[in-house]
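Trainee: Working from the sequences, and respecting the hints, build out all of it.
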Amino acid sequence: MKKLISILLLASFISISAIAQSAGIRTQAETAIMVDLSSDSLLFEKDADMQFSPASLTKLMTIYIAFNELKIGNLRMDDEVVVSANAWRNWRGKGSTMFLNHKDKVTIEQLLKGIVILSGNDACVVLAEHISSSHEIFVQEMNAMAIKLGMKNTNFTNSNGWPNENQYTSARDMSLLAARIIRDFPEYYPLFSERKFLYKNFTSNTRSRNPLYSRYPFPGADGMKTGGDPEVSEFGIVASAVRDNRRLLLVMGKLPSVAVRGSESQRMMQIGFRQFKSYPLFKKGEKVDSAEVWLGKELVVPLVVDQDITLTLSRSQRAQMKVTVEFTQPVAAPIANGQAIGKLTVSVPNAQDRVYDLKAGSAIEGVGGFGKIGAALSYLVFGSAGAEK
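According to mature numbering (1 follows the signal peptide of the UniProt record, and there is no 0), the stretch in the sequence shown is residues -20 to -1, 1 to 369, in order.
Each hint should be verified, as a subset may be incorrect.
[Said to hold, decoys possible] Distance windows between CB atoms, simulated:
id, residue 1, residue 2, range
1, 237, 270, 53 to 61 Å
2, 195, 54, 34 to 42 Å
3, 113, 143, 31 to 39 Å
4, 288, 186, 38 to 46 Å
5, 124, 170, 42 to 50 Å
[Unchecked claim] With a Cα cut of at most 20 Å, we get these calculated SDA-like pairs of lysine to any residue:
id, residue 1, residue 2
6, 128, 147
7, 93, 175
8, 132, 31
9, 257, 200
10, 323, 337
11, 264, 317
12, 267, 282
13, 83, 147
14, 263, 237
15, 323, 277
None of these hints come from the bench; they were simulated from the model.
Computed from a predicted model, the values in this text were never measured in an experiment.
Virtual Cβ for every residue (Gly too), placed ideally from N, Cα, C.
Mentor: Laid out in structure tokens, this is it:
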């Protein structure tokens, strides 16, 4: 049977992919995506699979691999690394820099801050050489990790994003990577919220380039990375912010200037928090419906969801939301607790339907021989599928 049910959005948690272009949202970015990570909801996308040059957004993969090495114990924050002649010779003063010198002894923590805060190209190469013995091998590991994370439109040729025609990504891929950094490494992610780092006495590069920290302030912003190629006037950003227990992740690429990147980041974050709200739907284990039981010691089995489900929607989407449940009954006993019985589907305008399993909320034993006879008679006379009590 298929049933449309009414939902009062007063209690707890679903993930809805809401494409907000139809709601009139526009951006100067040629490619963009905005996600509510708190409910795994896609709020907006614009040509999110378009390939573009990531520039320094590349460093997010370098950071991801380094964080992973820290987590599994292959690195420690206080490990010291000696700057190689290769890294110094090829990257001194080349683009954004941490000002590392040949034979400098620098800790992993300093290198990470040099990448996250200062966007140091030299720091990326030094870290890559330390992790993988050579920069080339590290790049292979970057691409292997991209595949593992599901990044389908990404290829890396270096660890820091220096322009190369064979180095590309997409807004959707960058959102996947950024989300994994936030979720996989909560112990290290706070590095992104640091706004200043001084290496030795090099005061010419000490502050974060995140525009939401300074010229275009956005309360709640806590990372992540900017990138750009001034020679072709293309700039991008991955930004995250938290307000009211919601975390939004914004990725934009191919913006025309640094100033537009800053103003658009601020404006899009404001839209994300103002025009979209999170609406609780069901709590994990909450009863959604019930199904009749055939030849069981109970007449009905409760149907529950096995996860919190929350919607992040615009007001118009919320008003037009539909929730349907579909299952076949009666369900033959015995029934195991947690057994999949049916499906719950959530539909809203301009969004992909989300489908969830409905599961048995309790175990129900089958009846014996005489019980089966009684149940059959009961069903024929009264329409009940269970055993007589």
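Trainee: Take the hints in turn and mark each one as holding or not.
Mentor: Going through the hints against the structure:
Range check, residue 237 to residue 270: about 59 Å between beta-carbon atoms, so the 53 to 61 Å window is met. For the pair residue 195 and residue 54, the beta carbons lie near 38 Å from each other, so the given range of 34 to 42 Å is met. Between residue 113 and residue 143 the CB atoms are about 25 Å apart, so this pair departs from the stated range of 31 to 39 Å. In this structure, residue 288 and residue 186 meet the distance hint of 38 to 46 Å, their C-beta atoms being roughly 42 Å apart.
A C-beta distance of roughly 27 Å is found between residue 124 and residue 170, which places it outside the suggested range of 42 to 50 Å. Taking the CA atoms of residue 128 and residue 147, the gap is about 18 Å. The hint holds against a cut of 20 Å. Proximity of residue 93 to residue 175 is assessed by CA-CA distance (about 10 Å); at most 20 Å being required, the pair is judged to hold. Simply put, residue 132 and residue 31 have alpha-carbon atoms about 10 Å apart, close enough for the 20 Å limit, and the pair holds.
Of the supplied pair hints, the one linking residue 257 and residue 200 holds, its CA atoms being roughly 16 Å apart against a limit of 20 Å. Between residue 323 and residue 337 the alpha-carbon distance is near 5 Å, which keeps this suggested pair within the 20 Å criterion. Pair hint residue 264 plus residue 317 holds up; C-alpha atoms about 14 Å apart against a cutoff of 20 Å. In summary, the hint linking residue 267 to residue 282 is supported, as the alpha carbons are separated by about 6 Å, within the 20 Å threshold.
At most 20 Å may separate the alpha-carbon atoms for a hinted pair to count; residue 83 and residue 147 exceed this at roughly 30 Å. For the proposed pair residue 263 and residue 237, the alpha carbon gap of about 45 Å is over 20 Å, so the pair is violated. Our distance criterion of 20 Å between C-alpha atoms is broken by residue 323 and residue 277, whose separation comes to about 24 Å.
Of the numbered hints given earlier, the model fails hints 3, 5, 13, 14, 15; all others are met.
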